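In the order they appear, the protein sequences are chains A and B. Residue 247 in this note's numbering sits at position 247 of the first sequence, with consecutive numbering throughout. Heads up: take any position in the second sequence, counting from 1, add 436, and you land on this note's numbering.
It should be emphasised that the hints constitute simulated quantities derived from the structure, not laboratory data. Small disclaimer: the values here were computed from a predicted structure and weren't measured. Check each hint, because a few of them may be wrong.
A few chain B residues facing chain A, derived, Cβ under 10 Å [claimed, not checked]: (1) THR524; (2) ASP525; (3) ALA581; (4) THR586; (5) SER598.
Cβ coordinates follow ideal geometry from the N, Cα and C atoms, glycine included.
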Amino acid sequence: MPPHQSRHLPLKEVIGSLGVNGSVTLTFSYRGPQSALLVANGSVDQSGNYVFEAEARTTAETASKSSIYWTMSNGFDTMYSLWNPGEKAEDLLLNFHYAPGKTYSLPVHLDGHTQSMIDLKQLAMQGTPDVHGQMLPMTATSGALVITGASGDVRDTINLAISSGIYNPVTATCGYGCETCNGCTNFGVSPDPAYIGFGQNYQLNSYCVWEDGTEPDYTGSSDWGSNDTSIVTVQNSPQWGLAYGQSPGDTSSSASFYAPANMGQICAPLPLPQCQNTNAAPSTPVNVVVPSYETVSVGGRIDHNGDSVTSPDGQVVIPAPCYGYSRSYTYQIYGTDGKPFTTSGTQSKETNTTTSSNPSSLKLTPTVTAGTSQGMFYDVQANCTNVPPGPPTGTYVKGNQQLDVIVGGTTYPQIRMNSIDMEATDVTVTCTANCH
Amino acid sequence: MSPLRALLIAIELVAVTCAYPQTSVLNRDVPAIPSGQYSLTSLLMKVGLATRVPMGIELAGSEGRPEFYPGNEQGISLQDFLTATIKTDGPYVWKQSGDVINVFPKRAISDVFSTEVVDFRAADVLPIEIVQSLLKQPRVAQRLAQQHITGATWVTGAASPSRCSISIHNLAFREALNNLVVSCGRSGWTAFYEQKNDKTYLWFQLW
């Protein structure tokens, strides 16, 4: 067609020549800029009077679609025209929301290139059961419709053209429905910001914010990247979004993915734009965290009279019988983000130098693994014998402890000097560096 | 020099070289230790931990009072340190046993350390439990009983949940303790005596 020209198509003659008694769907294929072609057509009754416009729709595979409003009260009724423009059959679920928490879910099967009309009042009057065996009550007055695939997932792809009309045959009034392409209103990468332990893996996730507030996950369909791979790398297939803290520092990671775009509410007779996917590229700041400092909680003196000695996490450190006393220390590792350093595989090496004691001084270097969920580890200081009555009066242990946290083979000094007199009622803890 | 004498000297040189190869723990450098009052065990522990050479220390009695140590510069070998510290005219001798240095008295109260442990196995247990089990081995327990000595363990300081496994076959009790220290990644063991309430205790400690 030349620019700025219109053409009348003799549909009445064409439809008449088909010899059909029912409805037909006319498809146009168009190649050109979007919205450069306007198609208008209307319906007439048997007397030739104009009834209302039969809206044209663009066709494409989309996510779910919504009809913002329907009613069947005060003499009004709502009709939906559904058409499958594809070759493949479509199994749909029409979810009519009519009251808070109340939904009537009608399954509809459309073979390729077939069409179906849904009359809401008729549905209610016929008592057609939905997928849950429920019926659309006649008391339902108005609501909204969401059309999904058979699974009910609003993100599933469907191929469906929909148009609606709201009419009152008594008063001879009619109006158009308002429809929308469902999709994402916002995009993101979580967590935001992300703190990753040095030398450790951490799972990032990409998502979009659906118009109903849900956040569908797009991690597995994203193209992941890092702004500085010397600090953090992020995998694609087969472990999409799995980040690794290469070295301490700050950078950002991004995920690029296609997702349905929310097109906003479109009410005929405004032209309906084609449902579209959008290319989103959200990102998140990433900080590769290293241990920063520790805190210590000193337990009370526990006297033992033949029992075993256990650490706060329940591990036996001295078997029964133990005659004497012990005291536990619970250390909490914090990262440079100020949060408990929970990176798995974190170890703490303790150097315990006894400054004065009787019997002779000791120095132990056990390496313990910090709890992966809370970044804690434990130390138990004891003075006990396996025969009663226990250590002779006058024996004691005073010590200094240096605790180093090891992550990914790198040692981070977490120095704490504890002056411990096991026999004393109180334990004096003096922090010298990287501790509270 | 007769050919036989020359051959014996050559064999002796080879034997000495084999006994003290360059990789011997005896060649490790001892850090500088300032002069001061040290008990024998605290001095040996300090050096053993610094050189990462496990030590098995048997005292002639109780720990004893600290004595003056004149100190040493950094860089002397462990062998020189031991020779200077464990004097030949003193009450103790030292001996290398594999990668472990044993220090023990010339005249011991008990000869239990030479008693044979015939067959012993332990899996995934605390090291101090192994010492307790070794003290219950028939020949060891019998010897201690004959000498009216109560063998017991004493844990002081930090206690670790680390566990280990060990297998011993026909070793002297002293060697068994050495084996335990190496197998369990510990730094050494100490044994000393205490007279209390008319009883003689032989205390064992791991460090």
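Q | Unmet hints by their number, sorted upward, for this structure | A | Per hint list: 1, 2, 3 violated.
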